[in-house]
Amino acid sequence: MENSIISNRRVVAWENAAKMDSSFSGFYLCVEGNTDLNLWKEYTVKTNVRIQVLNGWENVLKRIENQANCIGIIDKDFRDLTDTLPKEKNVFVTDEHDIEMMMFLSCVFPKIIAALKIDDNGLRSDVLEITDDIGLVKLTAEKHNWNLKFKKQSNKKQSDFDYPKYEDAIDKKTFAYLGIEKIIERIITFSGSKSKVSDILTVIKGLDYQQGKLSNGHDFAYVMEYYLKYRHKIKNITAEHLEIIIMSAYLSANLLQETIIYRQIKEYGNIHNIQLLQ
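Heads up: the sequence shown is residues -9 to 268, going by my numbering.
Because the hints were derived from the structure by calculation, they are not lab data. Glycine residues also receive a C-beta, built at the ideal position from the N, C-alpha and C atoms.
The calculated label-pair distances, taken between Cβ atoms and stated as ranges, are:
#	residue 1	residue 2	range
1	Ser242	Lys107	15 to 21 Å
2	Gln268	Ser183	43 to 49 Å
3	His231	Ser13	36 to 42 Å
Generate coordinates for the entire structure from the input sequences, incorporating the hints supplied.
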């Protein structure tokens, strides 16, 4: 997350860019990051829509506030579970937790597995079992204001992040998931926290959500990378590669056009007498 000074400068810069472009009478589509940009640019009507990347949902909401010709797209995250969905009519949320999970949970996933020439129909469920537990700890930490960290700015590359060693929750020989206790241990260690595994387990015990509801795309890609590298011996695969591959397949199948968010934006354009999406 950007600090407030950089965040405000980014928003102001995009606002000024729009003011200087007086010849444009269409809408600005404000998105969180480059993944959103790469997906939505394939479907917007170029003469009517210009996309601005704001680096985070907070910046998106700041940018579109009181702007009649701006719409924003933000990740659903846990908003539907915490009753914090946006009330603004020009803000739209992803169908799933984020844009990446919309793709990983779609019907193109089995095609990706087939393209990788591996026989593993249970791979998605195995990954989701782990990433849903990660999400459960995140959601509960958010609700209870626990001081736990789930990613940090990388020391190697400024644009990258480091994550807890979730792979330690996978048995190195059988590749069986060792349980949420191991996930919590890794998160506590990564956070430098004094929290106790037993205390966290007591709070989350009995909580249950639909499969895939709590997972985010970056965690999913991170865990899937491990399974592909070590269970299936595909050594040259990375989480970044997986996100690129799944997006390419998702775009080829035109699945975005079948989503709720796509339909909502189309309808918003109709109400304002402008074609925003193809």
